[in-house]
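Enquirer: Take a look at the letters that make up each chain.
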Amino acid sequence: MTNVKDQDKPTELPTGRVRAAAYMSWITTPLLCAVLIAVWSIYVAKSGISAFVLPAPGAVLRAWIDMLQSGRAWNDVLATVYATLAGFFWAVLAGIGLGVPIARVRWLEQTLNPFIIASQVLPKVALAPLFIVWFGFGITSKVLIAAILAFFPILTNTVLGVKSIDQGHRDVMISLNATRWQVFSRLELKSALPYIITGMEIGIVLALIGAIVSEYIGGDYGLGHLLISRMNAFETDGLFAVMIHMAVLGFIFYFGISALRRWLTPWHDSAR
Amino acid sequence: MTAAISLEAVDKWYGTRDKPVHALETTDLVVRQGEFVVLLGPSGCGKTTLLRMIGGLITPSHGRLRIMGRDLWNGDVRQSSAVSDLGMVFQDANLFPWLTIEDNIALPLELKNMPRQARLEQARRLTGLVGISGFEKRWPRELSGGMRQRAAIARALSYDPAILLMDEPFGALDAITRDQMNIELQRLWLETERTIVLVTHSIAEAVFLADRIVLLSPRPGRIDRIVDVKLPRPRALDVQTSPEFQDIVRDLRHRLEEIS
Chain R
264 MTNVKDQDKP TELPTGRVRA AAYMSWITTP LLCAVLIAVW SIYVAKSGIS
314 AFVLPAPGAV LRAWIDMLQS GRAWNDVLAT VYATLAGFFW AVLAGIGLGV
364 PIARVRWLEQ TLNPFIIASQ VLPKVALAPL FIVWFGFGIT SKVLIAAILA
414 FFPILTNTVL GVKSIDQGHR DVMISLNATR WQVFSRLELK SALPYIITGM
464 EIGIVLALIG AIVSEYIGGD YGLGHLLISR MNAFETDGLF AVMIHMAVLG
514 FIFYFGISAL RRWLTPWHDS AR
Chain E
156 MTAAISLEAV DKWYGTRDKP VHALETTDLV VRQGEFVVLL GPSGCGKTTL
206 LRMIGGLITP SHGRLRIMGR DLWNGDVRQS SAVSDLGMVF QDANLFPWLT
256 IEDNIALPLE LKNMPRQARL EQARRLTGLV GISGFEKRWP RELSGGMRQR
306 AAIARALSYD PAILLMDEPF GALDAITRDQ MNIELQRLWL ETERTIVLVT
356 HSIAEAVFLA DRIVLLSPRP GRIDRIVDVK LPRPRALDVQ TSPEFQDIVR
406 DLRHRLEEIS
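These protein sequences, in sequence, are chains R and E.
Using the numbering used here, you'd call the opening residue of the first sequence number 264 and step up by one each time.
Using the numbering used here, you'd call the opening residue of the second sequence number 156 and step up by one each time.
In case anyone wonders, no lab produced these hints; they're calculated from the structure.
A few of these clues could be false.
[Stated by the list, open to error] The calculated DSS-like cross-link candidates involving lysine-lysine, where the alpha carbons are at most 30 Å apart (straight line), are: (1) R:LYS426 x E:LYS385; (2) R:LYS387 x R:LYS426; (3) E:LYS267 x R:LYS426; (4) E:LYS267 x E:LYS292; (5) R:LYS426 x R:LYS453; (6) R:LYS453 x E:LYS174; (7) E:LYS292 x R:LYS453; (8) E:LYS174 x R:LYS426.
Chain R with its partners taken away, still in its complex shape:
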């Protein structure tokens, strides 16, 4: 065949204006943060509100720097990170491992669906006290809560992803006489990956929540425990400092998954 003619050329890629819009947030976000901190600072200074209720931004910053310099606080960070990541790891394994067969086998889905829905509507943090009774105040109960919270979004997104596979793509694999394993590894897994990563994005944040909540009620380490002890000591500036720590962790985890998305599915619209 001869080469393509003009009317059949591909569409143009994003131009300068679109890219500029993408970088806008690098300016607007810090600007908005500065405005918020200024308003907070002025409000604390003018209203004479008690530092137990709302400490000044400066006091929070000092408390946060103190925390960054304290070895004890870093151990708490590590404990929370470990519980979150370990829980998340098991959730990914179980979510994909169960999601693929559920999406493929109709009777399996119909059998398990009532249980999946039932456990979806149950507020799963309510299980935390039970797990502490069963597994004690150690790390196991924290990992479990983190895993259970992260599990469901990963499962449901995996099921959705495998079910959304284009029949035309399946036809291609059939016409090429592909084996079952080839269909799974070259089509189903790849096609479902953007969905699975969406589930992971939600799951990693929920895993962090699970770890923190279980630290509230059991054990004597972790950021959740640190937060509660700051509250009991009426150190509101320290409370804010722990919250900043948690938020930073959440951001790091979330952006880690986003990086994973760009790395694993650069072809998909969601990675653009």
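Since chain R is already given, all that's left is putting chain E on it; use the hints.
Expert: Okay, now just chain E, sitting in the frame of chain R:
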């Protein structure tokens, strides 16, 4: 010479035991090697069913289906020796969005465990043949509909099948691109001396491309008649204004109105 495709008393039933639908009546058809056959008919005539059966995507209810003399089905098992003689092109390009154009074209070779270097070489050769050189590293989403369909044709040709099966391959393209693709498909067919079976509902496209047109009628689907097109090759778009071309088109249109 063995027939490229032979159907003996093949038919297809769809649906349940209580409400069966006869998608294709008992059909005999022989496609010779190197022939360009077009299946033409209104919707519901079973032309796509017929093509998908030849491609091994659906099983015939009865009858015997042979590709290059070899049985396509042995019981419920598709015979890989017969399937490897078939290349399929669908109405949608159906490229995998997670593979670059060259990896899409080389996918059939990857499934056959050809080393990466060798299969990418083959893919590069084919992008030249179908006219999309320079787009090897692009994602499918970056290509226009016509270019994606060219890549799909290259993928079907990658393992050098004797027979190309095409299910309304240019149905989703605009009229200008479609005319151009038809000319190039004819050139590709003349260059590679393959057997092509193509499904369309466009009478002009059928007459332009075909050696033989198999006209199918609906409810139940069956072969109404087979029309020889003896216009000289290669055909240019101008052939469409010739009296011979228009006579065949007119006859087919009248018959289609009667059977639809």
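Enquirer: Would you mind marking each hint as holding or not holding in the structure?
Expert: Now the hints, each set against the structure:
1. R:LYS426 x E:LYS385: 48 Å, violated
2. R:LYS387 x R:LYS426: Distance of about 26 Å is within 30 Å: holds.
3. E:LYS267 x R:LYS426: 27 Å, holds
4. E:LYS267 x E:LYS292: Between LYS267 (chain E) and LYS292 (chain E) the Cα gap is close to 22 Å, so the pair holds against 30 Å.
5. R:LYS426 x R:LYS453: 13 Å, holds
6. R:LYS453 x E:LYS174: Since the Cα atoms of LYS453 (chain R) and LYS174 (chain E) sit roughly 38 Å apart, the hinted pair is violated (cutoff 30 Å).
7. E:LYS292 x R:LYS453: 18 Å, holds
8. E:LYS174 x R:LYS426: 28 Å, holds
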